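Protein chains in written order, with this note's numbering: chain X, 1 to 96; chain A, 101 to 196; chain P, 201 to 296; chain E, 301 to 396; chain U, 401 to 496; chain H, 501 to 596; chain B, 601 to 696.
Treat the hints as calculated values from the structure; they're not laboratory data.
Here the structure is a predicted model, which is why all the values come from computation and not from measurement.
DSS-like cross-link-like pairs, simulated, lysine-lysine; straight-line CA separation at most 25 Å:
1) K470(U) / K570(H)
2) K304(E) / K470(U)
3) K70(X) / K4(X)
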Amino acid sequence: MSIKPLNNRVAVKFVEDKGEEKTKGGIVLPDTATKDEKPQQGEIVAVGQNIAPEGGEAEVAVGDTVVFDKYAGTKIEVDSEEYLILSMDDVLAVIN
Amino acid sequence: MSIKPLNNRVAVKFVEDKGEEKTKGGIVLPDTATKDEKPQQGEIVAVGQNIAPEGGEAEVAVGDTVVFDKYAGTKIEVDSEEYLILSMDDVLAVIN
Amino acid sequence: MSIKPLNNRVAVKFVEDKGEEKTKGGIVLPDTATKDEKPQQGEIVAVGQNIAPEGGEAEVAVGDTVVFDKYAGTKIEVDSEEYLILSMDDVLAVIN
Amino acid sequence: MSIKPLNNRVAVKFVEDKGEEKTKGGIVLPDTATKDEKPQQGEIVAVGQNIAPEGGEAEVAVGDTVVFDKYAGTKIEVDSEEYLILSMDDVLAVIN
Amino acid sequence: MSIKPLNNRVAVKFVEDKGEEKTKGGIVLPDTATKDEKPQQGEIVAVGQNIAPEGGEAEVAVGDTVVFDKYAGTKIEVDSEEYLILSMDDVLAVIN
Amino acid sequence: MSIKPLNNRVAVKFVEDKGEEKTKGGIVLPDTATKDEKPQQGEIVAVGQNIAPEGGEAEVAVGDTVVFDKYAGTKIEVDSEEYLILSMDDVLAVIN
Amino acid sequence: MSIKPLNNRVAVKFVEDKGEEKTKGGIVLPDTATKDEKPQQGEIVAVGQNIAPEGGEAEVAVGDTVVFDKYAGTKIEVDSEEYLILSMDDVLAVIN
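Whole structure, please, built from the sequences with the hints as guidance.
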């Protein structure tokens, strides 16, 4: 099964960020305590047909790691895999 | 009787998603407990005349399975069948 | 007396929907209990001069049965007849 | 003294609607009980220079009876006469 | 000292409306009871460079008496004189 | 150190308005009681590149005294001097 | 690792403003008391492809010190370094 995001949207898979599993005080949190937090980073797995900004070129491609606002997008589940569908307006930056 | 959605709207029939009938803990829920939940997936049964996004081509067609936001659209009942009328702005992705 | 809706509006007469007078449990409700519910369907009795959507053709005509959102439009009374004045933006679909 | 509404506005005088002075139960209400209710109908007494909708022709003229939303417009008093200044966006229909 | 309103704004001086100093019951109110009420009428004392509406001609000039919404504009004080700076969008009508 | 406001913004220095230090009842307020009140007038000390309104010419220049809404703009501190950065949309009038 | 802000956004590193570590009363605050306050100034470390305002030229470049509203932008962490991703709409001025 494959996802085709529409218009100016991208589909993102959450990136496991091992370094975030410690609290500020250095305590390692078990999986159950953190797994409901939506991460701010993800890897693009599919892109829509209109992802270029007005007056510019497409700035992301499949495989890129992107940063987005904590509350942006809609989570969906396809074949037991979780994805985030994001408008490009909510993608802040690419990280290389 | 047939439905003709207007402008940039599509009519969607809810897809029965058998896999969702279990809770996270594995308990099988009877029909009555889940039937008021609006599913996030549906099959397109009719499309309006303006479904193509600005600066792009039509991205969906009758028969496609689409994903949409939980609270998008308006439920209507025609001949005892329930449909969701959705603006294409609220259709997030196509699943193949 | 006649109504001429302005700009992109239509005037709709509520369609009596006999099948709705039963509750889900099958109890037949007397008239007084349901008559304040605004129905979701109506018949177009007059149209304004700008009902075609941008980049498209007029999609409704006098006599069509249309579906609209429960809270859309403004109810008016002319010669003791009740009408709903609706912007075409709030008309979701035509039913044939 | 005369009123010249600006831009896309019209000035409306409230029409006395004798038939509305009865309650639904048929009781005739004295003047004092109804006079604070803003009526939904009025007669156009003056029009601004831009009353035609975008992509259309002017749809109202001085003398027309129009229907408008209960809470639209601003009431003003000139020479002890009360007028309603309405944007054409809030005029729903003409009644002949 | 002079005021030059910017863009589509006008400067208005409040017009003393003697007739408003009586209550509906005919009681004459002392100055202190009414002076905090912002009047709905004023005389234009200066106009900005862009007061004509889109697709139309300038509809007001210095010296005109205009009607505006009770809560529109910003009150300013220059040389102990009070003025209201109003966007033309908030000027409803001219009274002659 | 200098400030260069961006786009359609101006930088304003607050003007000390001696006459405002008295209350309406004529009581002179000590500095501490009034210094948190943001004045409505200021002198322009720098302008951005896009201060002209759409369809018009630049209406202010460095040195002009301008009036603005009490809650407009963002206060910043540079070299212990306080400035207000204002969008031209929030500048109401020039006072000469 | 590098950050590439998208569209009209810039990435900013917070500038340590030693002078702010004292309270108004002159008390020096320890690090822990102030470190959650988001500063209003920062240095641009990367820019997007569309940072020029409509009808103007790009007004900032990497290395510039900019002022922005206290609540603007989204904080992100890359390689244990904290950045603020800001739309150019929220950058108020450049300080030289």
